[in-house]
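Throw the hints in and build the complete structure from the sequences for me.
Protein chains in written order, with full-length UniProt numbering: chain V, 1 to 279; chain B, 1 to 279; chain Z, 1 to 279; chain P, 1 to 279.
Treat the hints as calculated values from the structure; they're not laboratory data. Be aware that one or more of the hints could be misleading.
Stated by the list, open to error - Sample of chain Z residues lacking proximity to chain B, with all beta carbon distances greater than 12 Å (derived):
1. Arg27
2. Glu75
3. Thr263
What the hints assert, rightly or not - Within a straight-line C-alpha distance of at most 25 Å, the following computed SDA-like cross-link-like pairs (lysine to any residue) qualify:
4. Lys128(P) <-> His143(Z)
5. Lys128(V) <-> Leu244(P)
6. Lys35(P) <-> Phe241(P)
7. Lys128(P) <-> Thr243(V)
8. Lys128(Z) <-> Ala15(B)
9. Lys4(Z) <-> Trp268(Z)
10. Lys128(P) <-> Leu244(V)
11. Lys128(V) <-> Ala145(B)
12. Lys128(V) <-> Pro62(P)
13. Lys128(B) <-> Val20(Z)
14. Lys128(V) <-> Gly246(P)
15. Lys128(B) <-> Thr17(Z)
16. Lys128(B) <-> Pro62(Z)
17. Lys128(Z) <-> Arg164(P)
18. Lys128(P) <-> Arg164(Z)
19. Lys128(P) <-> Ile18(V)
20. Lys128(P) <-> Gly247(V)
21. Lys128(P) <-> Thr17(V)
22. Lys128(Z) <-> Ile18(B)
23. Lys35(P) <-> Phe98(V)
24. Lys128(B) <-> Ala15(Z)
25. Lys128(V) <-> Ser64(P)
26. Lys128(Z) <-> Val20(B)
27. Lys128(V) <-> Pro65(P)
28. Lys128(P) <-> Ala15(V)
29. Lys128(Z) <-> Ser64(B)
30. Lys128(B) <-> Ile18(Z)
31. Lys128(Z) <-> His143(P)
32. Lys128(B) <-> Asp16(Z)
33. Lys128(P) <-> Pro65(V)
34. Lys128(V) <-> Phe245(P)
35. Lys4(Z) <-> Glu254(Z)
36. Lys128(B) <-> Pro65(Z)
37. Lys128(B) <-> Thr243(Z)
Note that CB positions come from ideal geometry on N, CA and C, so glycine has one too.
There are 4 protein chains.
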Amino acid sequence: MTVKLGCNLTYEVTADTIFVFNVEVARLAANANLKDTVTVNPGANVEFYESPVRRNRYLRVPASPGTLSLHYEAELTLDVVRADPQTLAEVPVAELPFSLLPYLLPTRFVPSDRVAGFAQAEFGQLPKGHQRVSAICNWINDHIAYTPGSSDAETTAAETIMNRAGVCRDFAHLGITFCRALGIPARYVTCYAYGLSPPDFHAVFEAYLGDRWWLFDPTRQAALDGLVRIGVGRDAAEVAFATLFGGGTASPPEVWINRSDRTPSDVWTTDAISLEGLS
Amino acid sequence: MTVKLGCNLTYEVTADTIFVFNVEVARLAANANLKDTVTVNPGANVEFYESPVRRNRYLRVPASPGTLSLHYEAELTLDVVRADPQTLAEVPVAELPFSLLPYLLPTRFVPSDRVAGFAQAEFGQLPKGHQRVSAICNWINDHIAYTPGSSDAETTAAETIMNRAGVCRDFAHLGITFCRALGIPARYVTCYAYGLSPPDFHAVFEAYLGDRWWLFDPTRQAALDGLVRIGVGRDAAEVAFATLFGGGTASPPEVWINRSDRTPSDVWTTDAISLEGLS
Amino acid sequence: MTVKLGCNLTYEVTADTIFVFNVEVARLAANANLKDTVTVNPGANVEFYESPVRRNRYLRVPASPGTLSLHYEAELTLDVVRADPQTLAEVPVAELPFSLLPYLLPTRFVPSDRVAGFAQAEFGQLPKGHQRVSAICNWINDHIAYTPGSSDAETTAAETIMNRAGVCRDFAHLGITFCRALGIPARYVTCYAYGLSPPDFHAVFEAYLGDRWWLFDPTRQAALDGLVRIGVGRDAAEVAFATLFGGGTASPPEVWINRSDRTPSDVWTTDAISLEGLS
Amino acid sequence: MTVKLGCNLTYEVTADTIFVFNVEVARLAANANLKDTVTVNPGANVEFYESPVRRNRYLRVPASPGTLSLHYEAELTLDVVRADPQTLAEVPVAELPFSLLPYLLPTRFVPSDRVAGFAQAEFGQLPKGHQRVSAICNWINDHIAYTPGSSDAETTAAETIMNRAGVCRDFAHLGITFCRALGIPARYVTCYAYGLSPPDFHAVFEAYLGDRWWLFDPTRQAALDGLVRIGVGRDAAEVAFATLFGGGTASPPEVWINRSDRTPSDVWTTDAISLEGLS
Chain V
1 MTVKLGCNLT
11 YEVTADTIFV
21 FNVEVARLAA
31 NANLKDTVTV
41 NPGANVEFYE
51 SPVRRNRYLR
61 VPASPGTLSL
71 HYEAELTLDV
81 VRADPQTLAE
91 VPVAELPFSL
101 LPYLLPTRFV
111 PSDRVAGFAQ
121 AEFGQLPKGH
131 QRVSAICNWI
141 NDHIAYTPGS
151 SDAETTAAET
161 IMNRAGVCRD
171 FAHLGITFCR
181 ALGIPARYVT
191 CYAYGLSPPD
201 FHAVFEAYLG
211 DRWWLFDPTR
221 QAALDGLVRI
231 GVGRDAAEVA
241 FATLFGGGTA
251 SPPEVWINRS
261 DRTPSDVWTT
271 DAISLEGLS
Chain B
1 MTVKLGCNLT
11 YEVTADTIFV
21 FNVEVARLAA
31 NANLKDTVTV
41 NPGANVEFYE
51 SPVRRNRYLR
61 VPASPGTLSL
71 HYEAELTLDV
81 VRADPQTLAE
91 VPVAELPFSL
101 LPYLLPTRFV
111 PSDRVAGFAQ
121 AEFGQLPKGH
131 QRVSAICNWI
141 NDHIAYTPGS
151 SDAETTAAET
161 IMNRAGVCRD
171 FAHLGITFCR
181 ALGIPARYVT
191 CYAYGLSPPD
201 FHAVFEAYLG
211 DRWWLFDPTR
221 QAALDGLVRI
231 GVGRDAAEVA
241 FATLFGGGTA
251 SPPEVWINRS
261 DRTPSDVWTT
271 DAISLEGLS
Chain Z
1 MTVKLGCNLT
11 YEVTADTIFV
21 FNVEVARLAA
31 NANLKDTVTV
41 NPGANVEFYE
51 SPVRRNRYLR
61 VPASPGTLSL
71 HYEAELTLDV
81 VRADPQTLAE
91 VPVAELPFSL
101 LPYLLPTRFV
111 PSDRVAGFAQ
121 AEFGQLPKGH
131 QRVSAICNWI
141 NDHIAYTPGS
151 SDAETTAAET
161 IMNRAGVCRD
171 FAHLGITFCR
181 ALGIPARYVT
191 CYAYGLSPPD
201 FHAVFEAYLG
211 DRWWLFDPTR
221 QAALDGLVRI
231 GVGRDAAEVA
241 FATLFGGGTA
251 SPPEVWINRS
261 DRTPSDVWTT
271 DAISLEGLS
Chain P
1 MTVKLGCNLT
11 YEVTADTIFV
21 FNVEVARLAA
31 NANLKDTVTV
41 NPGANVEFYE
51 SPVRRNRYLR
61 VPASPGTLSL
71 HYEAELTLDV
81 VRADPQTLAE
91 VPVAELPFSL
101 LPYLLPTRFV
111 PSDRVAGFAQ
121 AEFGQLPKGH
131 QRVSAICNWI
141 NDHIAYTPGS
151 SDAETTAAET
161 IMNRAGVCRD
171 FAHLGITFCR
181 ALGIPARYVT
191 CYAYGLSPPD
201 FHAVFEAYLG
211 DRWWLFDPTR
221 QAALDGLVRI
231 GVGRDAAEVA
241 FATLFGGGTA
251 SPPEVWINRS
261 DRTPSDVWTT
271 DAISLEGLS
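The structure is reproduced here in structure tokens:
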């Protein structure tokens with residue numbers, strides 16, 4: 001089963017600017033047989049970097065005033081790990097791998113310390129495990145309206161609770177916030193999402209259950225076994241599609257994803273889905 | 001039916017300080033036959049003030065380092081207005097008395113503008129009128145834990161939603177916030193509350209329905225027809241029991257209230273209760 | 001000396017909406033010989049209200065979907081009170097008129113309690129009186145960039161300190177915040193401002209010194225003796241030019257003001273200016 | 001030159017609790033010849049972990065209700081890197097090692113995005129390099145009062161600006177915030193600090209200049225060449241001395257540090273000091 005995807009980004013650069021892009025598909029076992037190309041124009045002095053643990057792939061591009069464009073395309077075989085959700089337990093803090101403890105801490109857009117009372121009151125007494133994280137996603141889907149334009153780059157999960165509205169970024173941040181407040185490691189994931197309408201970059205989250213990270217999408221806008229990971233971070237700041245040090249205005253991105261074996265209207269999986277062979 | 005009540009306040013004053021107290025019972029029709037005395041020691045240069053519209057009674061007391069004490073006692077006949085809650089409708093903004101429009105605006109501890117999305121999502125579709133304000137009180141009572149020490153003098157209603165905990169001040173602020181966000185005028189009320197255990201000053205709120213202000217207590221800690229009003233304000237800042245310009249530490253206040261006709265364990269009224277003969 | 005001023009406001013109303021306007025010149029001694037007319041189209045069921053103490057004039061207009069326009073024009077003789085700034089002392093809290101104490105309290109956009117440390121550190125040791133409020137205005141003018149579009153209707157004075165940018169509303173809120181934190185009553189003033197370029201509604205603030213309210217404009221965009229008061233409030237929420245309960249989009253307002261005796265390039269007064277004969 | 005240091009921590013544990021401690025000296029070239037021992041009582045099932053890049057050393061201790069104590073002592077030869085501050089330049093974003101880019105991002109207690117306007121206005125035009133970070137430290141020392149008890153575990157750098165008061169944690173967060181807002185990577189450092197009075201754990205920050213991280217202490221409470229690093233993190237959350245998952249109350253920690261070659265009253269270094277041989 002083959003997935004083909006890509007994106008076109010275009011900027012009108014207004015000052016000498018450094019761009020850091022994070023749009024390339026991560027080189028994971030789940031993204032098998034990955035072949036991809038990225039073209040930046042003008043493309044002088046582009047640098048590539050793959051972060052050692054999370055395997056996020058970044059491009060750093062120095063740009064002068066004028067038009068900057070990036071074209072990315074990739075082909076891969078999506079090979080996810082599946083499990084029965086009922087088998088996935090929460091891991092007590094005493095037994096969590098030490099390297100995961102930072103994923104319990106509050107971050108800029110994830111004030112899990114301030115929202116601890118809310119999380120405990122709403123979810124503290126629920127049965128633990130995958131079903132509790134699912135209950136969090138259900139709560140978010142029931143209580144937060146998906147409303148383009150209702151939030152911005154400074155919106156925190158606390159504000160999303162107030163606003164009762166947000167976009168995929170806010171849905172993911174809120175899910176992460178609740179998980180961390182309950183002692184469940186959680187992190188932010190950017191991806192290409194098969195079936196997302198209209199096509200765009202997508203953001204979901206991963207919670208650590210059993211012995212690895214599992215995907216959750218409180219927006220319910222795409223099947224979990226059609227997500228192709230770009231990056232993971234503690235919150236959206238670490239995996240922005242584009243970070244500009246300087247100035248420029250973006251055209252709406254063009255994003256596409258197709259797969260050979262399925263249509264978006266097929267029945268969605270009820271399996272738990274992980275993109276990691278090993279935690 | 002006679003109510004007797006009072007309080008003792010004691011401060012260790014650490015610098016030249018101006019105290020503004022608001023502990024005297026308001027001279028309302030509902031507080032009939034009011035006889036009261038206030039004694040401040042040392043009591044030089046104490047000034048009394050009754051605000052013209054709200055009828056809050058303030059004392060201004062200049063104090064030097066040392067002990068300052070205030071003793072207040074009052075006797076009155078509580079004579080409230082009663083109504084069948086089902087008869088009390090919300091008043092469209094087009095028909096509200098102009099002088100009430102400020103009670104729709106956000107204030108320091110009542111960020112009704114920021115919480116508008118939350119209020120609309122939770123209560124926007126409910127049937128209007130007294131029952132909607134009751135639904136707000138039920139929601140608060142169900143979702144916020146009454147927890148002494150969980151908040152402080154800077155806590156806003158937005159934070160109370162996050163914390164899912166508060167005291168009577170926070171319960172009242174949250175009720176006011178939701179009402180204002182829905183277009184219902186609401187204000188903060190301080191009172192002596194018959195049956196409150198342990199005895200203390202109490203805070204509730206009033207919403208404007210039909211043609212006057214009606215009492216609501218989301219804490220459900222005292223019967224509505226046993227509340228003796230001290231002050232009303234747009235939020236707690238305006239009717240603090242004591243405001244200090246200077247420095248001092250308070251002993252826990254002693255507060256008492258007794259009535260001749262009833263015990264705290266009597267069945268509570270289900271009437272709507274107003275303290276105002278005229279709006 | 002005669003002032004002629006006015007405004008045109010136009011809205012595309014998208015739902016049944018109640019408008020509350022506050023654009024009429026206040027009937028103060030300072031606004032002598034006031035003759036004005038307001039025309040609303042369509043103008044059915046327009047109500048007028050003048051608040052009893054502050055003398056703000058409000059219009060309530062019910063509107064259906066379609067175009068709503070308001071035309072206001074006024075003529076008056078501006079007759080301000082002048083004083084030598086050096087004669088204007090701060091009033092100790094012990095001596096303030098009781099009715100002014102609310103102007104020391106924090107409000108939604110004026111978190112004077114949270115910014116108290118900042119205010120004390122920056123201005124607490126300065127010589128008291130008019131010169132201290134002037135020092136506050138100088139600080140604001142030196143440290144905050146006047147930047148249209150840098151703030152919105154939810155911006156508080158605390159955020160203005162962070163942003164180091166704002167518009168007249170933010171400059172006024174910040175001045176009020178610092179004054180209140182220092183024990184100086186202060187309030188928000190909306191006005192027509194002679195010489196403001198481009199012409200627009202303007203916001204400044206008043207501080208209570210000596211025996212009345214005195215004008216301050218930290219933006220320094222217009223001479224103080226060319227301000228014609230519309231409204232005063234505890235913060236901007238109370239004196240918005242237009243408050244909509246419903247939905248609509250505004251065209252940019254047209255605002256004008258001319259005077260018979262002066263040009264905008266004349267030397268500005270260094271007098272302290274008050275619009276009130278009596279406090 | 002030999003440094004001897006240590007700490008005693010004691011807790012009354014009130015529920016089954018997981019402690020994560022970060023009090024051991026980092027195994028850096030600067031902390032040469034390190035010999036240390038840590039004793040936990042009761043000490044069953046204690047786990048040790050050293051993070052791979054930052055080299056923070058954590059202990060995870062499961063505890064039952066009762067008394068938990070930790071005794072740590074260490075001996076080492078402090079061997080810092082020194083440089084002439086004037087030689088240390090800021091590194092353009094285009095040239096920063098990729099792995100340092102996360103140290104430009106906002107975190108929970110370091111809202112560098114929200115304070116960007118403040119940082120640019122105050123420091124944006126200053127000469128770049130070590131002197132600019134020194135100017136930031138000077139500003140903090142001049143404007144923020146070192147006031148024990150003025151902040152808590154949720155205080156952000158934005159609030160520290162409002163309060164104009166804080167402790168070492170707040171001073172460090174504010175320095176980091178300003179640096180990141182200016183494009184200078186910065187991170188939070190916990191340490192034992194020779195000469196700190198009274199002895200306690202200390203927090204400072206590092207900024208990346210030239211080719212490595214350099215120490216800065218806006219509190220000016222200890223000489224930079226007497227700091228022995230415990231941990232580094234993006235903000236205080238990552239390197240808390242103790243994080244409790246459960247419940248307990250701490251006695252005041254006992255902390256000590258002595259060195260063989262110097263007294264606290266010796267002249268402090270004016271060198272730039274780094275604890276890293278390689279960036």
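Against the structure, the hints come out as follows:
1. Arg27: 16 Å, holds
2. Glu75: 26 Å, holds
3. Thr263: Correct as stated: the minimum Cβ-Cβ distance to chain B is 39 Å, above 12 Å.
4. Lys128(P) <-> His143(Z): Since the Cα atoms of lysine 128(P) and histidine 143(Z) sit roughly 21 Å apart, the hinted pair holds (cutoff 25 Å).
5. Lys128(V) <-> Leu244(P): 20 Å, holds
6. Lys35(P) <-> Phe241(P): Status holds; Cα separation ~20 Å.
7. Lys128(P) <-> Thr243(V): 23 Å, holds
8. Lys128(Z) <-> Ala15(B): 20 Å, holds
9. Lys4(Z) <-> Trp268(Z): 20 Å, holds
10. Lys128(P) <-> Leu244(V): 20 Å, holds
11. Lys128(V) <-> Ala145(B): The hint holds at about 23 Å.
12. Lys128(V) <-> Pro62(P): 21 Å, holds
13. Lys128(B) <-> Val20(Z): 23 Å, holds
14. Lys128(V) <-> Gly246(P): The given pair, whose Cα atoms are some 17 Å apart, holds under the 25 Å limit.
15. Lys128(B) <-> Thr17(Z): Holds, at roughly 18 Å.
16. Lys128(B) <-> Pro62(Z): 21 Å, holds
17. Lys128(Z) <-> Arg164(P): 21 Å, holds
18. Lys128(P) <-> Arg164(Z): 21 Å, holds
19. Lys128(P) <-> Ile18(V): 18 Å, holds
20. Lys128(P) <-> Gly247(V): 20 Å, holds
21. Lys128(P) <-> Thr17(V): OK: lysine 128(P) and threonine 17(V) at ~18 Å, within 25 Å.
22. Lys128(Z) <-> Ile18(B): 18 Å, holds
23. Lys35(P) <-> Phe98(V): 24 Å, holds
24. Lys128(B) <-> Ala15(Z): Holds, at roughly 20 Å.
25. Lys128(V) <-> Ser64(P): 22 Å, holds
26. Lys128(Z) <-> Val20(B): Roughly 23 Å between the alpha carbons, so the hint for lysine 128(Z) and valine 20(B) holds.
27. Lys128(V) <-> Pro65(P): Roughly 24 Å between the alpha carbons, so the hint for lysine 128(V) and proline 65(P) holds.
28. Lys128(P) <-> Ala15(V): 20 Å, holds
29. Lys128(Z) <-> Ser64(B): 22 Å, holds
30. Lys128(B) <-> Ile18(Z): Holds, because 18 Å separates the two Cα atoms, which is no more than 25 Å.
31. Lys128(Z) <-> His143(P): With a Cα-Cα distance of about 21 Å, the restraint between lysine 128(Z) and histidine 143(P) holds, given a limit of 25 Å.
32. Lys128(B) <-> Asp16(Z): This hinted pair holds, its Cα atoms lying about 18 Å apart.
33. Lys128(P) <-> Pro65(V): 24 Å, holds
34. Lys128(V) <-> Phe245(P): 17 Å, holds
35. Lys4(Z) <-> Glu254(Z): The hint holds at about 14 Å.
36. Lys128(B) <-> Pro65(Z): OK: lysine 128(B) and proline 65(Z) at ~24 Å, within 25 Å.
37. Lys128(B) <-> Thr243(Z): 23 Å, holds
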